[in-house]
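**Student:** In the order they appear, the protein sequences are chains V and P.
Every position in the first sequence, counted from 1, becomes a number in the numbering used here once 138 is added.
Every position in the second sequence, counted from 1, becomes a number in the numbering used here once 3 is added.
Simulated from the structure, these hints should not be mistaken for lab results.
From a predicted model like this one, the values you see are computed outputs, not experimental measurements.
All residues carry an ideal CB built from backbone N, CA and C; glycine is no exception.
Wrong hints could be hidden among the right ones.
What the hints assert, rightly or not - Some chain V residues near chain P, calculated using beta-carbon distances under 7 Å: (1) Val-175; (2) Ala-306; (3) Ser-308; (4) Arg-351; (5) Pro-358.
Said to hold, decoys possible - Beta-carbon label-pair distances, calculated as ranges: (6) Ala-71(P) x Ala-285(V): 43 to 49 Å; (7) Ser-144(P) x Gly-228(V): 31 to 37 Å; (8) Ala-395(V) x Gly-131(P): 43 to 49 Å.
To be verified - Every beta carbon over 10 Å from chain V, so not counted as near; a handful from chain P, in silico: (9) Glu-78; (10) Glu-89; (11) Gly-248.
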Amino acid sequence: MIDELLRPFAFEFFRNGLAVATLAGGLCGLVGVYIVVRGMSYLAHGLSHAIFGGFAFSSLLGANFLLGAGVWGVASALAINSVTRRRPIGADAAIGVITTASFALGLVLFALLGHSGGSFDAALFGSILGVSFSSVIAIACVTLVVAGIVVFGYRPLLFTTFDPEVAAASGLPTARIEALLMVVFAVSILVSMQVLGVMLIAAALVIPPTIARMLTHSFPKMLVYSTAIGAACGVVGMNVSYHLDIQSGPAVVIVAALAFLVVYVIKRPSGLQRVIA
Amino acid sequence: MTSEQLTGRVRRPLVEVSALSLSSGDRLILDCVDLELDENNLVGIVGPSGAGKTTLLRAIAGTLKTTAGAVVTREGARVAYVPQVETVDWSFPITVGECVLMGRTGRRLPWPTRADRAASTTVLARLGLDGLGDRHIGELSGGQQRRVFVARALLRDPDLLLLDEPTSGVDVALRHELLHLLDEIRGDGTAIVLTTHDLNGVATHLPRIVCLNRRVIACGSPAEVLTPDNLEELYGASMSVLEHGGMRLVVDSPAHTHTLFGEPVVLTEEVAAE
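Looking at chain V on its own, in the form it has when it is part of the complex (with noise of 0.2 Å):
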């Protein structure tokens, strides 16, 4: 049994799968918590699919991926972000008018390629079997920088979180700092993706706060909750992937879902007792 658990660990391209789900479900869970408390959750789900047509235009130039997908998903959000900030359109049309049309045209340039095979998937459904050690590395370090922000950054983002309009009467640049906010996202959703895939990254990015928020009542520990149960849940789904032979995003999704179902029953005793009865 045990043998059987850790077989998986022997190769190479798991470890290095296991490396990015772990990181890539702490990174999410983290960054995840701003986009949930300002109830953006769509946001997660339009940029991953506006990263998608980033994706299919650098592999049409044969482009670098991270490169080509990274300048295009940064570019997007800073595009919903200035839309936004003009009164008359509101961030969910803004967000569904700018991504709905990037990942229209990831199709459209697939198509005429005629690129439909594994890499089309892979890119939707997310796959650990291109994983390289490069990629490791790659999202090790995005981990790293955006917990620098995050820490050393605490107060100013929070204050733009909870109160912009306070926050800048108290002096904050909040324009800067929301900006901020949506580059990391992007570059967060942009490492991820590989693993979990561009239709699923909005679950990795969404259940774990939503979790840690039926936890705590508490900003930083929300945080570190949420940190931890995105990461979890990447390990978990992993292995369940290679065990059931099924795609790593929607085993690692699978997999948060689940703990979500878990914590709302037990946080709600009504519900516990509606279960029960």
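Using the hints provided, position chain P relative to the given structure of chain V.
**Tutor:** Showing chain P alone in chain V's frame:
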């Protein structure tokens, strides 16, 4: 020599709003507003809904782009802003202690310094919130919720404290408590500006009020400013002003007695102001 150099030695007011105009799209929200504030000033901005009260408050805070004119705040002055309770996200995952510490924008790290902790304990105790530091902000009573945001503002040790409708929806006892608190804070040398709908409950108790309806209609003590003429210009409805024990009391004119469901009804000033 420029006039700047000539006046360089004269102490500048804390805030100087001069010929401030502000518009959003085609709509003019503030029209050529002048206002000067100094230490120990306690000023109430009164006017009907949509008069630009909150906009003026935010302009003083320096968060809005002006269309014309200027808001000049004395160099190095610390500004603190207390938002309307209705605009706060009460489900946000934050405890009272964490919320109050946000006021200390000088520090970026998550964990508070010993000085931070001491200051927040003092402020929480002063506002009667001691022992509530670990509570979620949504678990507080209405009066406590208002005081948390005053506490956060006070932790900035502000020179200028701005409050948007601090007494909206509070009962008489709480209103008195808040006004006493503000008077006490003013005693420490902080200038205070608040907006209010409530002429009789709040404005008449303040030393200085500004009647605002896009432009400044009148400015001065309640006794000087609350005249039937000014009020009619402010609200577009005629009102009477009674004197009672040295206090002014604004009531609707008898001419404005309306009938509702066949019964005569006298609108109160608050209803008329809406």
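**Student:** Hey, does the Val-175(V) contact hint survive, CB to chain P under 7 Å?
**Tutor:** 6 Å, holds
**Student:** Starting from the hint 43 to 49 Å, judge whether the C-beta atoms of Ala-71(P) and Ala-285(V) obey it.
**Tutor:** 46 Å, holds
**Student:** Does the claim that Glu-89(P) lies outside the interface with chain V hold up, using a Cβ gap greater than 10 Å?
**Tutor:** 13 Å, holds
**Student:** Determine whether the Cβ-Cβ distance between Ser-144(P) and Gly-228(V) falls within the hinted range of 31 to 37 Å.
**Tutor:** 33 Å, holds
**Student:** Is the Cβ of Gly-248(P) more than 10 Å away from each Cβ in chain V?
**Tutor:** 38 Å, holds
**Student:** Can we confirm that no CB of chain V comes within 10 Å of the CB of Glu-78(P)?
**Tutor:** Holds, since 13 Å exceeds 10 Å.
**Student:** Would the hint on Pro-358(V) be counted as holding, given a Cβ-Cβ threshold of 7 Å to chain P?
**Tutor:** For Pro-358(V), the interface hint holds, since the closest Cβ of chain P sits about 5 Å away, which is under 7 Å.
**Student:** Taking the closest Cβ pair, is Ala-306(V) under 7 Å from chain P?
**Tutor:** 4 Å, holds
**Student:** Holds or violated: Ser-308(V) as interface residue toward chain P, Cβ cutoff 7 Å?
**Tutor:** Where the cut-off is 7 Å and the nearest Cβ of chain P is about 5 Å from Ser-308(V), the hint holds.
**Student:** In this structure, is the beta-carbon distance linking Ala-395(V) and Gly-131(P) contained in 43 to 49 Å?
**Tutor:** 44 Å, holds
**Student:** Is the hint on Arg-351(V) kept, meaning its closest Cβ partner in chain P is under 7 Å away?
**Tutor:** Holds: closest Cβ of chain P sits about 6 Å from Arg-351(V), inside 7 Å.
Hint violations for this structure: none, all hints satisfied.
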